[in-house]
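**Student:** Each chain, written out:
There are 2 protein chains.
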Amino acid sequence: MSFHFEVIKKDRFSGARLGKVETDHGSFFTPAFFPVGTQGTVKSVTSEELKEIGVEVILGNTYHLYLRPGHETIGRLGGLHKFIHWDRPILTDSGGYQIFSLAKLRKISEDGVTFQSHIDGSLHFLTPERVIQIQRTLGSDISMVLDECLPYPSPYEYSQASTALTIEWARRSLKERQKKDSCLFAIIQGGAYRDLREESAQTLVKMDFQGYAIGGLSVGEPKSLMLSILEWITPLLPENKPRYLMGVGTPEDILDGVKRGIDFFDCVLPTRNARNGMLFTSAGKVSIKQAQYAEDERPIDETCDCYTCRHYSRAYLRHLYLANEILSSRLNTIHNLYFYIRFMKEIQKAVREDRLVDFTKRTASDHPSWNQESLPTG
Amino acid sequence: MSFHFEVIKKDRFSGARLGKVETDHGSFFTPAFFPVGTQGTVKSVTSEELKEIGVEVILGNTYHLYLRPGHETIGRLGGLHKFIHWDRPILTDSGGYQIFSLAKLRKISEDGVTFQSHIDGSLHFLTPERVIQIQRTLGSDISMVLDECLPYPSPYEYSQASTALTIEWARRSLKERQKKDSCLFAIIQGGAYRDLREESAQTLVKMDFQGYAIGGLSVGEPKSLMLSILEWITPLLPENKPRYLMGVGTPEDILDGVKRGIDFFDCVLPTRNARNGMLFTSAGKVSIKQAQYAEDERPIDETCDCYTCRHYSRAYLRHLYLANEILSSRLNTIHNLYFYIRFMKEIQKAVREDRLVDFTKRTASDHPSWNQESLPTG
Numbered sequence: 114m115s116f117h118f119e120v121i122k123k124d125r126f127s128g129a130r131l132g133k134v135e136t137d138h139g140s141f142f143t144p145a146f147f148p149v150g151t152q153g154t155v156k157s158v159t160s161e162e163l164k165e166i167g168v169e170v171i172l173g174n175t176y177h178l179y180l181r182p183g184h185e186t187i188g189r190l191g192g193l194h195k196f197i198h199w200d201r202p203i204l205t206d207s208g209g210y211q212i213f214s215l216a217k218l219r220k221i222s223e224d225g226v227t228f229q230s231h232i233d234g235s236l237h238f239l240t241p242e243r244v245i246q247i248q249r250t251l252g253s254d255i256s257m258v259l260d261e262c263l264p265y266p267s268p269y270e271y272s273q274a275s276t277a278l279t280i281e282w283a284r285r286s287l288k289e290r291q292k293k294d295s296c297l298f299a300i301i302q303g304g305a306y307r308d309l310r311e312e313s314a315q316t317l318v319k320m321d322f323q324g325y326a327i328g329g330l331s332v333g334e335p336k337s338l339m340l341s342i343l344e345w346i347t348p349l350l351p352e353n354k355p356r357y358l359m360g361v362g363t364p365e366d367i368l369d370g371v372k373r374g375i376d377f378f379d380c381v382l383p384t385r386n387a388r389n390g391m392l393f394t395s396a397g398k399v400s401i402k403q404a405q406y407a408e409d410e411r412p413i414d415e416t417c418d419c420y421t422c423r424h425y426s427r428a429y430l431r432h433l434y435l436a437n438e439i440l441s442s443r444l445n446t447i448h449n450l451y452f453y454i455r456f457m458k459e460i461q462k463a464v465r466e467d468r469l470v471d472f473t474k475r476t477a478s479d480h481p482s483w484n485q486e487s488l489p490t491g
Numbered sequence: 114m115s116f117h118f119e120v121i122k123k124d125r126f127s128g129a130r131l132g133k134v135e136t137d138h139g140s141f142f143t144p145a146f147f148p149v150g151t152q153g154t155v156k157s158v159t160s161e162e163l164k165e166i167g168v169e170v171i172l173g174n175t176y177h178l179y180l181r182p183g184h185e186t187i188g189r190l191g192g193l194h195k196f197i198h199w200d201r202p203i204l205t206d207s208g209g210y211q212i213f214s215l216a217k218l219r220k221i222s223e224d225g226v227t228f229q230s231h232i233d234g235s236l237h238f239l240t241p242e243r244v245i246q247i248q249r250t251l252g253s254d255i256s257m258v259l260d261e262c263l264p265y266p267s268p269y270e271y272s273q274a275s276t277a278l279t280i281e282w283a284r285r286s287l288k289e290r291q292k293k294d295s296c297l298f299a300i301i302q303g304g305a306y307r308d309l310r311e312e313s314a315q316t317l318v319k320m321d322f323q324g325y326a327i328g329g330l331s332v333g334e335p336k337s338l339m340l341s342i343l344e345w346i347t348p349l350l351p352e353n354k355p356r357y358l359m360g361v362g363t364p365e366d367i368l369d370g371v372k373r374g375i376d377f378f379d380c381v382l383p384t385r386n387a388r389n390g391m392l393f394t395s396a397g398k399v400s401i402k403q404a405q406y407a408e409d410e411r412p413i414d415e416t417c418d419c420y421t422c423r424h425y426s427r428a429y430l431r432h433l434y435l436a437n438e439i440l441s442s443r444l445n446t447i448h449n450l451y452f453y454i455r456f457m458k459e460i461q462k463a464v465r466e467d468r469l470v471d472f473t474k475r476t477a478s479d480h481p482s483w484n485q486e487s488l489p490t491g
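From first to last, the protein sequence lines are chains P and H. Read in order, the letters of the first sequence correspond to residues 114 to 491 in the numbering used here. Read in order, the letters of the second sequence correspond to residues 114 to 491 in the numbering used here.
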């Protein structure tokens with residue numbers, strides 16, 4: 114499978130880059146945000162709706178698909194694209210994050226990781242090689258190496274050993290990779306420690322992957338640490354390879370990443386928040402269940418022209434949410450994803466026009482509520 | 114609001130009629146099936162999807178909308194059509210069925226009915242007049258009188274008194290009705306007793322409503338009793354008024370109703386079954402969770418050209434159902450509603466061509482599983 118990345122334009126006043134990716138399933142501009150399609154569906158919406166929203170790439174979770182329905186089933190049915198009716202690029206993660214956050218009784222060895230399925234308790238053993246094979250069977254366009262996702266905080270010695278293991282696993286992944294496979298990204302770990310992060314980055318860069326992900330973030334660390342890690346790492350990464358900040362994040366976090374040279378982002382935030390009735394708007398976050406919206410005829414965001422904002426009032430969306438209607442999740446998801454995609458297009462435009470710093474300042478003052486840590490889980 | 118019904122064609126070999134209804138929100142042919150939009154949404158699907166499926170009329174539940182978000186709220190927001198973004202006809206029921214099946218601590222008097230909300234336990238009192246006013250505020254195209262929905266079985270004396278009360282309430286409803294209101298249907302009750310059913314029908318017909326509903330069915334009575342009741346009542350109803358068999362039903366029940374001269378049907382069956390993974394197909398009912406579909410590449414129904422069947426395999430639909438994904442409810446609902454709407458169009462065509470009896474025989478032998486009573490609830 115082909116993969117080509119090119120930096121089209123660098124921002125004069127920050128580390129931001131405007132890039133373009135070409136794959137067998139189409140091209141897209143970066144910085145880009147990938148909605149998460151955990152179990153083979155971006156929850157509640159169809160492929161046609163994702164396209165109408167402007168989504169160009171989705172993420173599939175290898176851990177979930179491996180467990181259910183099973184990658185071999187998906188392979189026999191023609192691969193993930195055909196199975197889920199999505200003909201644009203798909204990035205699959207390696208399962209590392211889920212094994213270390215969802216699975217039970219995990220046991221890590223040099224060879225790989227043993228864990229119990231969170232669904233039925235069945236026992237599984239995954240190696241770096243097997244994770245490459247699984248992603249090959251799924252047929253994703255961008256795949257990731259198996260990594261150990263360090264919790265925060267982790268002691269130095271454990272972090273050191275774990276980072277070395279993730280590097281070794283990356284080496285084995287590269288060896289397993291075949292020419293016809295999709296492109297492969299390494300994952301830089303190293304916990305909260307500068308020397309480990311730098312060593313991880315430098316060693317992985319020498320191995321010459323097609324892209325570099327920064328892992329072990331969004332695991333409860335302070336925001337300032339995330340920014341420091343980005344500042345330590347990105348100068349060490351090759352200019353001509355895409356950089357992927359995994360699991361990030363809020364619009365503000367995305368801007369912070371873009372300014373430091375990040376190209377790819379993914380996060381469940383817009384979709385999960387949508388299902389929890391938390392909506393992103395040009396005037397800040399809106400909790401749709403609030404009584405003040407009971408008879409509010411306005412759309413969620415008067416500056417938005419998504420399907421939801423074109424046809425439905427805040428009053429109706431509040432009603433759907435309180436009545437626990439499925440349509441609530443759908444309409445809210447459409448709006449939040451549209452907000453994110455529009456936001457990424459604005460970022461791309463700002464980089465093209467050398468005004469990302471201004472854009473960031475304006476956005477931060479327009480959206481004070483983005484700075485609040487009020488992310489519901491569910 | 115205007116309402117016009119016309120019988121275009123009567124079947125030569127059964128009581129079936131092909132009709133046409135015209136309302137301020139558009140026209141539709143009968144026999145017609147109305148999907149149920151309980152709380153202001155046909156669960157999981159949008160208006161655009163309903164239109165693509167071919168749905169021409171939906172039903173709204175007065176009881177639910179009265180309790181949440183409240184008819185007055187909907188009225189202030191421009192009425193039900195605008196609130197829910199549906200510009201085709203809406204039929205609202207009277208709430209009678211829900212008060213007698215869902216609400217708690219109901220107490221009936223000559224004046225009306227007192228009940229506790231199933232949502233928050235709040236106390237409510239509804240009269241026939243108030244139910245007309247509520248539907249006026251909602252702005253539905255077809256409205257129903259408040260009735261007492263008799264459980265099955267009910268003793269003769271209680272049924273007699275209750276039927277008399279429903280008739281008296283119908284009289285009061287007619288008095289409350291204003292010229293600008295939508296058309297009003299009476300509801301024929303009478304339980305399992307022929308004389309009560311006939312008296313109910315004859316008395317209500319004399320009052321000259323714009324249509325006649327047959328109530329108190331689909332409450333657990335044997336199928337043979339439902340057919341008997343239809344055979345007792347329909348000869349007493351005026352030819353030029355629509356007849357509505359409330360809460361019915363399976364494709365087979367619909368055919369049985371059509372043959373006996375029924376024009377309108379509504380039921381939660383296609384939508385509720387969809388959410389429970391039970392799909393209607395030209396080869397009978399399919400329970401999508403079955404292991405036999407795990408790697409089945411075929412659409413649910415190879416003769417179906419709905420959105421779901423055009424793009425998704427049984428294997429994917431099974432996966433979505435087992436993974437408890439919202440998209441499962443959506444795709445299944447689209448398919449089941451499409452099946453019902455296509456079925457109604459085939460019925461209309463068969464009546465037009467005087468071959469409904471043949472159509473019924475062929476359908477019954479093609480779909481043995483339709484005769485099974487295997488309707489999951491949920």
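Misleading hints may appear alongside valid ones.
Any copy, or any two copies together, can satisfy a pair, since identical chains are not distinguished.
[Stated by the list, open to error] Cut-off 25 Å, straight-line C-alpha distance, at most; resulting in silico cross-link-like pairs (PhoX-like, lysine-lysine):
id : residue 1 : residue 2
1  : K402      : K156
2  : K195      : K288
3  : K354      : K133
4  : K195      : K402
5  : K293      : K217
6  : K292      : K195
Since the hints were derived computationally from the structure, they do not count as laboratory data. In this text, all values refer to a predicted model and were calculated from it rather than measured experimentally.
**Student:** Hints the structure violates: just list their numbers, smallest first.
**Tutor:** Going through the list in order, the structure violates hints 2 and 5 and respects the others.
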